[in-house]
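The chain contents come next:
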Amino acid sequence: MTPIIDIRSISFTYAIATSPALRDVSLTVPAGQICGVVGRAGAGKSTLCALCAGFIPSFYHGQFSGQAHIDGQDVVEKTVAELVNHVGLVGSNAFSQISGARFTVYEEIGFGLENLGVPRPEIIERIKWALKAMQLDELRDRSPYELSGGQQQRLVLAATLAMRPPVLVLDEPTAQLDPPTTAYLADLLRDLARQGTTILFAEHRLEWTADLAERVLVLDEGQVIDDGPPETVLAKQELLDRGIGWPRPALIAARARATGHWPAERPLPVTLDALVAGLRESGPPTTDHSLLITDNRAPSDGSISKDVHLSSPEAQHISQTTVVGRRSPALSDGSPEVPPGLVEGRSRRVEGSIVDIDNVRFSYPSGVEALRGVSLQIGAGERIALLGRNGAGKSTLLRHTNGLLQPSSGQVLVAGTDTRKTTVARCAHHVGIVFQDIRNQLFARSVRDELRFGPRNLGYPASQVEALVEQSMAALGLTQFADTHPYDLPPALRRLVAVGAVLAMNTDVLVLDEPTAGLDNPSIALLKTLAQDLAAHGKSIVVVSHDLDFCFEALHRVILMQSGQITLDSSWSRLDAQTLTTLENDVGLPLALRAARALATPADSALGLLLARNE
Amino acid sequence: MQSAYIPGTSLLHRLHPLTKLAGAALVITAIYLLPWPLAPLVLFGGLLGLAYLSGVAGPFLRTALRVLLPITISLFLIQGLLFPPPSATPLPLGPITLRREGLVFAFVTSTRLLAFTGTLLLLLETTHPADLVFALTQRGLPSSIGYILLVALQIVPNMTARATDVLEAQRSRGLETQGGVRRVRALVPLVGPLIVGALVDVEERAMALESRAYTAPGPKTSLRELVDTFSQRVARWLMLLGIAALIAWRIVMAL
Chain P
1 MTPIIDIRSI
11 SFTYAIATSP
21 ALRDVSLTVP
31 AGQICGVVGR
41 AGAGKSTLCA
51 LCAGFIPSFY
61 HGQFSGQAHI
71 DGQDVVEKTV
81 AELVNHVGLV
91 GSNAFSQISG
101 ARFTVYEEIG
111 FGLENLGVPR
121 PEIIERIKWA
131 LKAMQLDELR
141 DRSPYELSGG
151 QQQRLVLAAT
161 LAMRPPVLVL
171 DEPTAQLDPP
181 TTAYLADLLR
191 DLARQGTTIL
201 FAEHRLEWTA
211 DLAERVLVLD
221 EGQVIDDGPP
231 ETVLAKQELL
241 DRGIGWPRPA
251 LIAARARATG
261 HWPAERPLPV
271 TLDALVAGLR
281 ESGPPTTDHS
291 LLITDNRAPS
301 DGSISKDVHL
311 SSPEAQHISQ
321 TTVVGRRSPA
331 LSDGSPEVPP
341 GLVEGRSRRV
351 EGSIVDIDNV
361 RFSYPSGVEA
371 LRGVSLQIGA
381 GERIALLGRN
391 GAGKSTLLRH
401 TNGLLQPSSG
411 QVLVAGTDTR
421 KTTVARCAHH
431 VGIVFQDIRN
441 QLFARSVRDE
451 LRFGPRNLGY
461 PASQVEALVE
471 QSMAALGLTQ
481 FADTHPYDLP
491 PALRRLVAVG
501 AVLAMNTDVL
511 VLDEPTAGLD
521 NPSIALLKTL
531 AQDLAAHGKS
541 IVVVSHDLDF
551 CFEALHRVIL
561 MQSGQITLDS
571 SWSRLDAQTL
581 TTLENDVGLP
591 LALRAARALA
601 TPADSALGLL
611 LARNE
Chain C
1 MQSAYIPGTS
11 LLHRLHPLTK
21 LAGAALVITA
31 IYLLPWPLAP
41 LVLFGGLLGL
51 AYLSGVAGPF
61 LRTALRVLLP
71 ITISLFLIQG
81 LLFPPPSATP
91 LPLGPITLRR
101 EGLVFAFVTS
111 TRLLAFTGTL
121 LLLLETTHPA
131 DLVFALTQRG
141 LPSSIGYILL
151 VALQIVPNMT
161 ARATDVLEAQ
171 RSRGLETQGG
181 VRRVRALVPL
191 VGPLIVGALV
201 DVEERAMALE
211 SRAYTAPGPK
221 TSLRELVDTF
231 SQRVARWLML
241 LGIAALIAWR
251 IVMAL
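Same order as they appear, the protein sequences are chains P and C. In this text, residue positions in the first sequence follow the numbering used here: the first is 1, and each later residue adds one. In this text, residue positions in the second sequence follow the numbering used here: the first is 1, and each later residue adds one.
One should not assume that every hint holds.
Said to hold, decoys possible - Just a sample of chain C residues kept apart from chain P, beta carbon distances all over 10 Å, derived:
#, residue
1, 66
2, 101
3, 147
4, 151
5, 169
6, 171
7, 175
8, 188
9, 207
10, 243
Stated by the list, open to error - Below, a list of computed lysine-lysine pairs in the DSS-like style, where the Cα atoms sit at most 30 Å apart:
#, chain 1, residue 1, chain 2, residue 2
11, P, 394, P, 421
12, C, 220, P, 132
13, P, 132, P, 394
14, C, 220, P, 128
15, P, 394, C, 220
Honestly, the hints are just simulated from the structure, not real lab data. Note that the structure is predicted; figures quoted are calculated from it, not measured. A virtual CB, placed ideally from N, CA and C, is assigned to each residue, including glycine.
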């Protein structure tokens, strides 16, 4: 049988690039197979996806060699429009894939079918099927532009599925989806594959990849470095060495192996099920905790960029002086010495909160009450995960932390000042927010200029602005791109630029909305280190994210919002069976905690601690 | 540029867009060609009645007045006071002197504008823009132009929403937006993300359209269905004949 995807020795260099995006890539996929592609940002995954859908070389110009056939069609010769009956591509940025010419979700799904000339009764039937498949029934009459990022992603998937391509190519399909939808998508794709659809997807979430793919292709610097079933490919040392990372079950099992809970001869698992099964075989959990107890609040050592962050003495100084609580940047300029009482100063700050939200209610002009009596204190050195479903009130709450929104009743104090009596720009001295859609933030011609903007607004003297910018770039691995235009960077790095631009403002609290969306393993590791370093310097970080594993591993305190109220506020380590259930039912659980629950391991057993060690 | 469409099930809502378009053309021709000064006002009255029957009278009147009141007032003032020929009949009014011909001119112009705006407004308030564009593309409007019309209707409100988000993002970065001089300085960080973002979107959107077979050769189908009837087709021809007749009549009158 001829393979439905047949790529032979493809090399491609983008017109403006100096090095090839794909080098001598060959890949054959039989019909009905699910093939995952993993690799760091810039490894060539998106280029491979674009190639399969016929966008190379017709949309992306450059130097091209090799041959590629999808479903018997020469994707190099044919136009995208000629290929749509053979292959469908869903890109990672849902917003820009909405046609813009249709006014409702329902009609948007039909757009492609109308263009193909599918008879109307069949269009209606397929729309109904796609609405159901992507759980969009309730949204069918809404405008595509009124949807959230995750809903738009589902819409674009639905619109592509409705066209019933025999080959489905997905570029980071889960980047904007919440955990329940992510799990659901895996089931849906498995169903499609069973019915004969061939699926090729590029993804950073290795657990999801391991769970779904029958076969995994590993790309690095445009080359295929490995190709095989996930259980043999994804737990190889080479993936760690190249910064691609391992799926979490493999990481946990490796830790278990180091402590004798996982026999050395047993291969490392790549899926949750395999991890749980393996741990069950290892016998009952020991009760000797002494080796395993770790304080998960302490910053981990040996992390990737520990030595990069805050490396220069100057940078060290800036970060420490702010810990003492300097409010006006102009005042401290002439006193470079760090006072000896630094540590005491830091611990005192822990008591007083930087942001004090007291019984806040907030209603939008439309009458929707988004916050219904929320109280929350953000102290110094905290690492907070703010979780909740769409519409739970997270975004509204974020906008209260710096005065963008003001409470209908109740009070918000930022550094002791009522947000009603000050401006957002003044609050920005204490609270910096990076919103999810970073396109709304970036405007400068270079990364360095982008990072200068915030600290300059805050009135820092020029020398200090430069120091803060350098420090921020170093912390996020952006120094080598200082003079690059942010939009010339891959999307993952662009997100880091947006984070760096707010980090450079040196605020007491850094708020990040979905910071890991679309990031690869090395970038996520940078953010983890950043969270720990900030906390170690008495600064706080608040993260809103669907990425529960990141929240678990990088953050300490977990807050759950449900229908405008905080229903859970605890540290990860203090969650009991009941609160875990609450969390699981609403937003899901991090993989390690799912493993612990599957094993019914008491949280205070050695194994429980091993699993729950969030670093 | 937000769609003015108000959903409904009235007779006017249910008419084929081309029938409404032909009707609108006839009314507009009549507004400008009927020789009686009160004709536009009478026609506007008729439109208002139709709007009432279609359940859109409120928004219809509000929008018409909001658009036209300032123009009407300034027309009356300027033309009344400054109508050019010195022979114009003076109408003293307290300390100022208005001119009769100027007022007549202002009356005719503003009532025509009122009826003209009312015609388009009623058409747009009772016709879904997608139906209108679909009807036009069926009659030979290039689909690319139809696409641009529809995208403009959606992208512009979307840009407004994004502008708000940009403002939030930059204020959160310490940008002070109150105060005059600072406002100007704030232009680049506020407009920049909008423009760059839009430009980046363009390429991705072009790819997305390709993926959705937008340029696929061969006939397209449509999810939207337009109900056309024999009587509507006859009505359209009669209205076009009416337009021709009006024009012919005026030419004959002028000879």
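Going through the hints against the structure:
Interface exclusion of residue 66 of chain C from chain P stands, the closest Cβ pair being 21 Å apart, more than 10 Å. Distance check on residue 101 of chain C: its Cβ is at least 48 Å (rounded) from any Cβ of chain P, clearing the 10 Å threshold; non-interface status holds. With a least beta-carbon separation of about 5 Å from chain P, residue 147 of chain C fails to lie farther than 10 Å from that chain, contradicting its non-interface assignment. Not every beta carbon of chain P lies more than 10 Å from that of residue 151 of chain C, the smallest distance being close to 4 Å; the non-interface claim is violated.
Its beta-carbon lying about 4 Å from the closest one in chain P, residue 169 of chain C breaks the requirement of being farther than 10 Å from that chain. At the 10 Å boundary, the C-beta of residue 171 of chain C falls inside the reach of chain P, the nearest C-beta of that chain being 4 Å off. Not every C-beta of chain P lies more than 10 Å from that of residue 175 of chain C, the closest at about 5 Å, which undercuts listing it as non-interface. For residue 188 of chain C, the requirement that its beta carbon stay farther than 10 Å from each beta carbon of chain P is not met, with the minimum near 6 Å.
Under the 10 Å C-beta cut-off, the non-interface status given to residue 207 of chain C relative to chain P is violated; the minimum distance is some 6 Å. For residue 243 of chain C, the shortest C-beta to C-beta distance to chain P comes to about 31 Å, beyond the 10 Å cut-off, and the non-interface label holds. For the suggested pair residue 394 of chain P and residue 421 of chain P, the alpha carbons sit about 23 Å apart, so the restraint of at most 30 Å is met. The hinted pair formed by residue 220 of chain C and residue 132 of chain P meets the criterion: a straight-line CA distance of about 25 Å does not exceed 30 Å.
Annotation: proposed proximity of residue 132 of chain P to residue 394 of chain P holds, straight-line Cα distance about 28 Å (limit 30 Å). This hinted pair checks out: residue 220 of chain C and residue 128 of chain P have alpha carbons roughly 20 Å apart, not beyond 30 Å. The hinted pair formed by residue 394 of chain P and residue 220 of chain C fails the criterion: a straight-line CA distance of about 43 Å is larger than 30 Å.
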